[in-house]
Amino acid sequence: QKEVEQDPGPLSVPEGAIVSLNCTYSNSAFQYFMWYRQYSRKGPELLMYTYSSGNKEDGRFTAQVDKSSKYISLFIRDSQPSDSATYLCIVAGNNRKLIWGLGTSLAVNP
Amino acid sequence: DGGITQSPKYLFRKEGQNVTLSCEQNLNHDAMYWYRQDPGQGLRLIYYSQIVNDFQKGDIAEGYSVSREKKESFPLTVTSAQKNPTAFYLCASSPGIIRGAGEKLFFGSGTQLSVL
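Same order as they appear, the protein sequences are chains A and B.
Just so we're aligned: 93 in our numbering is position 47 of the first sequence, and the numbers increase by one with no gaps anywhere.
Just so we're aligned: 79 in our numbering is position 59 of the second sequence, and the numbers increase by one with no gaps anywhere.
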């Protein structure tokens, strides 16, 4: 079983839709959770960081962590064509080693 | 304009050849990293460096070498021992070694290496 699993998509939605991106992880010791966004042939950039459980909101983006089910989510409200990118989830434990998901490809159609 | 610069954007390697990928940062960050990205796989850490003249192997260091002679520069050499070098290579930096406490990685735009 992979340490972090992410559906690669592609996910295609119309502009203005609410997008839900998800990851599951295997190790209950993970307590640091991050989402990076990567545009085609560019380096990833940090979108959201969450420690332990709970929600975190930043503008149109909300990150959610459910440690009981080992499930992390990123919600995008009022999606825009500029949100079209690959979204990478990352988990880490106390050893601070980052475990990267494969990424979900998102296309927001105008 | 602060950031990380990777060059070249595209690089081709012939059989048996060593090639060097450049990475320069002007963010005054202590830590620098090299990752490899392949289709169908998550980013994998090749090497990282916390300070000048010191570097550590990551998960897939075999066939690669690095140097850190200056704080701003962390070049990666892909040697002929790396039998499957075709990939997208990403250089990153952070203020200190990633401790998971909200420190973020700043990435360059990547170098696509292909084998002729």
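Please note that the accuracy of each hint is not assured.
[To be verified] One-sided excerpt, in silico: chain A residues whose CB lies under 8 Å from chain B: (1) Arg87; (2) Lys88; (3) Pro90; (4) Glu91; (5) Leu92.
[Unchecked claim] Capping the alpha-carbon separation at 25 Å, the derived lysine-lysine pairs in DSS-like fashion look like this: (6) B:Lys90 <-> B:Lys124; (7) A:Lys143 <-> A:Lys102; (8) B:Lys91 <-> B:Lys29; (9) B:Lys29 <-> A:Lys88; (10) B:Lys124 <-> A:Lys102; (11) B:Lys124 <-> B:Lys77; (12) A:Lys48 <-> B:Lys29; (13) B:Lys124 <-> B:Lys91; (14) A:Lys48 <-> A:Lys113; (15) A:Lys48 <-> A:Lys143; (16) B:Lys91 <-> A:Lys143; (17) A:Lys143 <-> B:Lys124; (18) A:Lys113 <-> B:Lys29; (19) B:Lys77 <-> A:Lys48; (20) B:Lys29 <-> B:Lys103; (21) B:Lys124 <-> B:Lys34; (22) A:Lys143 <-> B:Lys34; (23) A:Lys116 <-> A:Lys48; (24) A:Lys88 <-> B:Lys124; (25) B:Lys124 <-> A:Lys48; (26) B:Lys103 <-> B:Lys77; (27) A:Lys116 <-> B:Lys124; (28) A:Lys113 <-> A:Lys102; (29) A:Lys116 <-> A:Lys143; (30) A:Lys143 <-> A:Lys88; (31) B:Lys103 <-> B:Lys34; (32) A:Lys88 <-> A:Lys113; (33) B:Lys90 <-> B:Lys77; (34) B:Lys90 <-> B:Lys29; (35) A:Lys116 <-> A:Lys102; (36) B:Lys91 <-> B:Lys77.
Everything labelled a hint here was simulated from the structure, so no lab data went into it.
Beta carbons are placed, not taken as given, at the ideal position from N, Cα and C, and that holds for glycine.
Structure-based check of each hint:
1. Arg87: Since chain B brings a Cβ to about 6 Å from Arg87 of chain A, closer than 8 Å, the hint holds.
2. Lys88: Holds. Min distance 5 Å.
3. Pro90: For Pro90 of chain A, the interface hint holds, since the closest Cβ of chain B sits about 5 Å away, which is under 8 Å.
4. Glu91: Check passed: Cβ of Glu91 of chain A comes within 7 Å of chain B, closer than 8 Å.
5. Leu92: Since chain B brings a Cβ to about 4 Å from Leu92 of chain A, closer than 8 Å, the hint holds.
6. B:Lys90 <-> B:Lys124: Holds, at roughly 22 Å.
7. A:Lys143 <-> A:Lys102: holds, 22 Å
8. B:Lys91 <-> B:Lys29: The given pair, whose Cα atoms are some 22 Å apart, holds under the 25 Å limit.
9. B:Lys29 <-> A:Lys88: holds, 10 Å
10. B:Lys124 <-> A:Lys102: holds, 16 Å
11. B:Lys124 <-> B:Lys77: Given pair Lys124 of chain B, Lys77 of chain B holds - Cα atoms ~20 Å apart, limit 25 Å.
12. A:Lys48 <-> B:Lys29: Not satisfied, since the Cα-Cα distance of roughly 31 Å exceeds 25 Å.
13. B:Lys124 <-> B:Lys91: holds, 18 Å
14. A:Lys48 <-> A:Lys113: It holds: about 17 Å lies between the C-alpha atoms, which stays within 25 Å.
15. A:Lys48 <-> A:Lys143: Measuring from Cα to Cα gives roughly 15 Å; hence the hint holds.
16. B:Lys91 <-> A:Lys143: Satisfied, since the Cα-Cα distance of roughly 22 Å is no more than 25 Å.
17. A:Lys143 <-> B:Lys124: Since the Cα atoms of Lys143 of chain A and Lys124 of chain B sit roughly 13 Å apart, the hinted pair holds (cutoff 25 Å).
18. A:Lys113 <-> B:Lys29: violated, 40 Å
19. B:Lys77 <-> A:Lys48: Given that 25 Å is the threshold and the Cα spacing comes to 22 Å, the pair holds.
20. B:Lys29 <-> B:Lys103: holds, 21 Å
21. B:Lys124 <-> B:Lys34: violated, 35 Å
22. A:Lys143 <-> B:Lys34: violated, 34 Å
23. A:Lys116 <-> A:Lys48: With a Cα-Cα distance of about 13 Å, the restraint between Lys116 of chain A and Lys48 of chain A holds, given a limit of 25 Å.
24. A:Lys88 <-> B:Lys124: holds, 16 Å
25. B:Lys124 <-> A:Lys48: With Cα atoms ~24 Å apart, Lys124 of chain B and Lys48 of chain A stay inside 25 Å; holds.
26. B:Lys103 <-> B:Lys77: holds, 18 Å
27. A:Lys116 <-> B:Lys124: holds, 22 Å
28. A:Lys113 <-> A:Lys102: holds, 14 Å
29. A:Lys116 <-> A:Lys143: holds, 18 Å
30. A:Lys143 <-> A:Lys88: It holds: about 23 Å lies between the C-alpha atoms, which stays within 25 Å.
31. B:Lys103 <-> B:Lys34: At roughly 11 Å apart (the allowed maximum being 25 Å), Lys34 of chain B and Lys103 of chain B satisfy the hint.
32. A:Lys88 <-> A:Lys113: Roughly 31 Å between the alpha carbons, so the hint for Lys88 of chain A and Lys113 of chain A is violated.
33. B:Lys90 <-> B:Lys77: Given pair Lys90 of chain B, Lys77 of chain B holds - Cα atoms ~18 Å apart, limit 25 Å.
34. B:Lys90 <-> B:Lys29: Within the cut-off at roughly 22 Å; holds.
35. A:Lys116 <-> A:Lys102: With a Cα-Cα distance of about 17 Å, the restraint between Lys116 of chain A and Lys102 of chain A holds, given a limit of 25 Å.
36. B:Lys91 <-> B:Lys77: Since the Cα atoms of Lys91 of chain B and Lys77 of chain B sit roughly 18 Å apart, the hinted pair holds (cutoff 25 Å).
Consistency note: the structure conflicts with the earlier hints numbered 12, 18, 21, 22 and 32.
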